[in-house]
Amino acid sequence: MADEVLRDAVSDWVEETTPRERVHSVIERTYDAVSADEIAERAETTAKTARKHLEELSREGVVTKTASPDRKATLYKRSPTSLVIEEAARINDSVSKPELIERIAELEAEIETYREQTGADSPDDAALQDESVDKELLFEWRGTARNLRFAKAALAISQAENAVEQPNTG
Amino acid sequence: MTEPQTESHALRGAPDGVALRRFREIFETQEPLARGEFDDVVNPQTLALHLSDGVGSAEKARIDVRWSTTDDYNIHYTDTAGVDLRWDRHPHQYPAPPADSHFHPPPDAVTDPTNVESSCIDENRVDVVARAVHKLWRTMYEECSFSDANAAENPP
Numbered sequence: 001m002a003d004e005v006l007r008d009a010v011s012d013w014v015e016e017t018t019p020r021e022r023v024h025s026v027i028e029r030t031y032d033a034v035s036a037d038e039i040a041e042r043a044e045t046t047a048k049t050a051r052k053h054l055e056e057l058s059r060e061g062v063v064t065k066t067a068s069p070d071r072k073a074t075l076y077k078r079s080p081t082s083l084v085i086e087e088a089a090r091i092n093d094s095v096s097k098p099e100l101i102e103r104i105a106e107l108e109a110e111i112e113t114y115r116e117q118t119g120a121d122s123p124d125d126a127a128l129q130d131e132s133v134d135k136e137l138l139f140e141w142r143g144t145a146r147n148l149r150f151a152k153a154a155l156a157i158s159q160a161e162n163a164v165e166q167p168n169t170g
Numbered sequence: 171m172t173e174p175q176t177e178s179h180a181l182r183g184a185p186d187g188v189a190l191r192r193f194r195e196i197f198e199t200q201e202p203l204a205r206g207e208f209d210d211v212v213n214p215q216t217l218a219l220h221l222s223d224g225v226g227s228a229e230k231a232r233i234d235v236r237w238s239t240t241d242d243y244n245i246h247y248t249d250t251a252g253v254d255l256r257w258d259r260h261p262h263q264y265p266a267p268p269a270d271s272h273f274h275p276p277p278d279a280v281t282d283p284t285n286v287e288s289s290c291i292d293e294n295r296v297d298v299v300a301r302a303v304h305k306l307w308r309t310m311y312e313e314c315s316f317s318d319a320n321a322a323e324n325p326p
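As you go down the protein sequences, you meet chains A and B in turn. FYI, this note's numbering numbers position 162 of the first sequence as 162, with every residue one higher than the one before it. FYI, this note's numbering numbers position 135 of the second sequence as 305, with every residue one higher than the one before it.
Everything labelled a hint here was simulated from the structure, so no lab data went into it. Ideal Cβ placement from N, Cα and C applies to all residues, glycine included. The hints are all genuine.
Here chain B is said to cover these stretches of chain A; the calculated rule only asks that three of the stretch's residues, wherever they fall, bring their Cβ under 8 Å from a Cβ of chain B: (1) 3 to 9; (2) 21 to 33; (3) 91 to 104; (4) 142 to 149.
In silico contact screen, one side only, chain A against chain B (beta carbon under 8 Å); selected entries: (5) Asp12; (6) Trp13; (7) Arg42; (8) Glu87; (9) Lys135; (10) Glu136; (11) Phe139.
Based on the provided sequences and hints, a complete structural model is requested.
Encoded structure:
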């Protein structure tokens, strides 16, 4: 029955989506480059189909291609630029500019609190200097640090958009 | 930290907003009783799936999802009748199971190291896990029972 739940979940996914949608879903969160074979396996499709969609997504700017260390294979990962732009656009769609400025200040204050609590500059430093440090805190800290960068990108993009739209002011 | 290290539920990596949005989209599409909500729009760390009914006598329920950039997760069911259970995947120091995937059984999602079980969701793809969790929730809801919450422990 255990296998059944998972097997049904996989077959539902395959029935409800196209190969391209599954390749997209897998690659959009592939932060370390992997081969088309690995993407194909996770996306429940063939390597040939995965490669076709990865190449398309690469032309669209969603995917970054690199060569493997031995230069024998092409590796694929989510384009960091496309992820930052997507996250920034989502933030700008959901909060106003004044609200965003306020939230950035709040997140910066939160990170300062983590630094004071641990006496470390970053989550990695905190883990190195004290093995018994609260791992939950580190997880939240890494999230706040990551989301703060997305929020700052959102603000920069919205300011640049204003400059483009109103070239004679400001 | 007051909890001993063996009871930590901490995930590697950072909270992954893209994964949480995917989970919400799948669960809301499959489940008419569910409404997803993030703890924070700008700094999303937890997705709360509010269920307008619960298992058995519970009037309401909630599934809290945390998902990391490395595909670790905590998926925590809680309801108004006071039942808790959790499907998790992260490194742990429980004597069993050997896998990162494990299950904290109801009624209180026990963290007693000897009661942690293998999880029937030995999987880390969000598209698959979200569908599997929905199936398990539906089974519990329709059977008014938690006996199949972790199908791994109930072989046919």
